[in-house]
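**Student:** Using the sequences and the hints given, assemble the complete structure.
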Amino acid sequence: MDPKIYDMGDIDIAWCPGCGNFNILRSLKLALAELAIPPEKLVVVSGIGQAAKIPHYFRTHFFNGLHGRALPPATAIKVVNPELTVIAESGDGDMYGEGGNHFLHTIRRNPNITNIVHNNMVYGLTKGQASPTSQLGFRTPIQVKGVFLEPFNPLSLAISLGAPFVARAFAGDVERTKDILKMAISHKGYALVDILQPCVSFNKVNTSQWFKENTYYLEVSHNPENRDEALKISLQQDRLPLGVIYRCVGKRTFEENVGVYDRDQTPLSLRKLDRKNSLKTLIQARS
Amino acid sequence: MNKKDVSIVLCGAAGQGVQTVENILVRLLRRAGFHVFATKEYMSRIRGGSNSTEIRISSERVSAPVDRIDLLLPFHPDALNHLMTRISPKTTVIGDRKNICLDCPAEVTEFIDIPFAEIAEEIGGKLFINIIAAGVILGMLDIDMGMVSDFISSFFAKKDEGIVRKNIEAVKLGCQRGKELLESGKARFALKNPSAKNELLLNGAETVGMGALAGGCDFLSSYPMSPSTGVMTFLSQQMENFGVVVEQAEDEIAAINMALGGSYAGARTMVTTSGGGFALMTEGVSLSGMIETPVVVHIAQRPGPATGLPTRTEQADLELVLYAGHGEFPRIIFAPGTLQDAFFLTQKAFNLADKYQIPVFILTDQYFMDSFTNIPPFDLDGIESKRHIVKTKKDYKRYVLTEDGISPRGIPGFGDGLVGVDSDEHDEESHITEDLELRTRMVDKRLKKMDLILSEIVPPEFLGSEDYEILLVGWGSTYHVLKEALAEFNNKDIALLHFKQVYPLHPGTKDFIEKAKRTIFIENNATSQFGRIIKLNTGYTTGESLLKYNGLPFTVEDIVEGLKKKLS
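As they're listed, the protein sequences go chains E and F. Just so it is clear: in the first sequence, position 171 is 200 by the numbering used here, and no numbers are missing. Just so it is clear: in the second sequence, position 323 is 1133 by the numbering used here, and no numbers are missing.
Where hints are given, some of them may not hold.
What the hints assert, rightly or not - Only pairs whose alpha carbons sit at most 25 Å apart, straight line, appear in this in silico BS3-like list of lysine-lysine:
1) F:1196 - F:1255
2) E:70 - E:33
3) E:70 - F:996
4) E:301 - F:1165
5) E:33 - F:1203
6) F:1007 - E:305
If you are wondering where the hints come from, they were derived from the structure by calculation, not from laboratory data. Keep in mind that this is a model prediction, so the values were computed, not measured.
**Tutor:** Written out as structure tokens, the structure is:
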């Protein structure tokens, strides 16, 4: 499919020139086009922040909800209509900070959705405060002595909670980010893609150059199905690993577990509302 | 003793099986054709304390609590203290004297000693005390023994055969004692004309749940919180038959955001919670207003602030619900007074939420949730669930500016268009905008829906004669208690106006109030919140109030005595 199908034409984009978000959007459009997912079958759910504006910049159904709350509606949308491809996408502050509790429990719930997190280790839209992934010592107008909170590690957390697909990408590498996104979207079950990206306006430490020097792609020999090994890799701090870190196939999804599709595959949204017969039976049983 | 209704109170510690006795009695007595009403008050603990259940049994319909106790069954020594203020010379206490009170307080004038513990020992242990007690009551009411054994075997059907047999033995021994009491004339309850056969026996929680099913609800996400959890439990049990997703969310914030996501995708969604949980949901309520995505929110009130009294009742979250959510957007608030209301208003709530793309609230309370009564089966012929969803075309715009404010709602995956919703102020295609002229038009569009909402308000129910001088005003769960108190007064100068839609108010409200010489707001809260809403909306400035906020519901006596004081 031609990725142009997602283009919106001449629109005003609120991202700073040089922002990593542009590359992520490019990778995503390419991945979706190669997977032949048309805009009419795609829902992007986002929270608040610069990253969360992404569904306004390409053609798709979208639910741009509240700060930190992309995952609960994304889960619900998928279970109400499993025929849709659902992506929950926001920044590190939104997903790991404000929405931290949903991050934990969505992994446990395992809906068949893709969770893309733009991780620039800083708060952009509120102008440069620490995010959950900011590194120790990172100075901001609020963290004047430097960050002293232990940085949030989404990868090891996701692996330990049983996420069936956990990957990390670097926004600067459009081609390989696209490949990782394709695998994540095609994976059945919850898939996390943490995408490292520079923030040209507020993070002068973790720059594009810094990411190039401090990341590496996992060797082909890495077996992502080995959970212990994946957990070990996810804990690496000196150099950050890129690629599919953990994957397991066959885990039952939320939609499969809730039971509404056991006998009838029709999405809930398209079912008939009239339930008078079942109601009559229920009332009779009670009288 | 010879009266038209009997008020029986069972009181014991949590874990002593008072609940089981209540369940057996209300179901069996209803089956025997009596009208029953049961309400309970309990402590927020799993074992111990003092919990009581009041069961009113009558040949006529009864649906309100009374202070009066005709028959009291204490299961532990603290029970008498717990209920002391309600014990009168007319109260017959039936209990195990040795274990309850060798030296009973002076208030207890009639004590019938039944050695429950000894009898239970013969059967197999203390465990059977509650079933024997249930038997005593059934015997005193002269319920057919065959019917009792049949019921007990079906009630315990899931337990093994030995246990079923022992329970039948226990209930029979109890029945025998009860019949002896009846024959000796010691405790005679002349309940005649059983006429409630084939009626439904439901509590408020089940009825709200049933109304949700009738309204097409196919998705409920909630976080357990007393006293609202009963709705979730009920729907979980109907999950398979009705195709409902019931998900226990990680917190209330997730719950309402899930419900909005589900609704956006085309489901009819609901959350059930109580005041504290609802406080967490308020940002989501505002999101519903902004993205014009329907959701039905059930709030079972309990006393606050904060954790308050988790298992008790109050009507103090009306203003919270009315003003919840930042920004300005339309909403509807229902407060059912009867089980019929709970069923039909919940059903209606789903249609209205869908039609106007707004949050619709059902406001109940612990008393309403946990009280059982029998009612005639619901007439399903009049109800209709209509989806207000359009199939989208290629050029579909979610927030198209329309005359009446309602933009046809599409859902993803139904039609050729793209459906976006946005919590930011947005343009017709739901993209973020800072066009401030458009902002004004979008606000006007959302608020415009209120005009149509105002055209279909559920009117308040008026009881009494048209030339009243004193108007009692109540709302929500106090309907039956106010009605019974009014009947007891039997004074043509006093009338009752009861609201089951508390927002927006019916336009006729002002006329009712202006006609009265005195208006008395009767509310289960400390500041007369509804009175305030009426004053705000009608310009009416005076008015008295009769309030109760100790965590218990009004009894008929509370209203009668309270009004007598005011009117004397």
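**Student:** Now, for every hint given, state plainly whether the structure supports it.
**Tutor:** Do the hints match the structure? See the list:
no., hint, in the structure
1, F:1196 - F:1255, "23 Å, holds"
2, E:70 - E:33, "16 Å, holds"
3, E:70 - F:996, "75 Å, violated"
4, E:301 - F:1165, "17 Å, holds"
5, E:33 - F:1203, "20 Å, holds"
6, F:1007 - E:305, "23 Å, holds"
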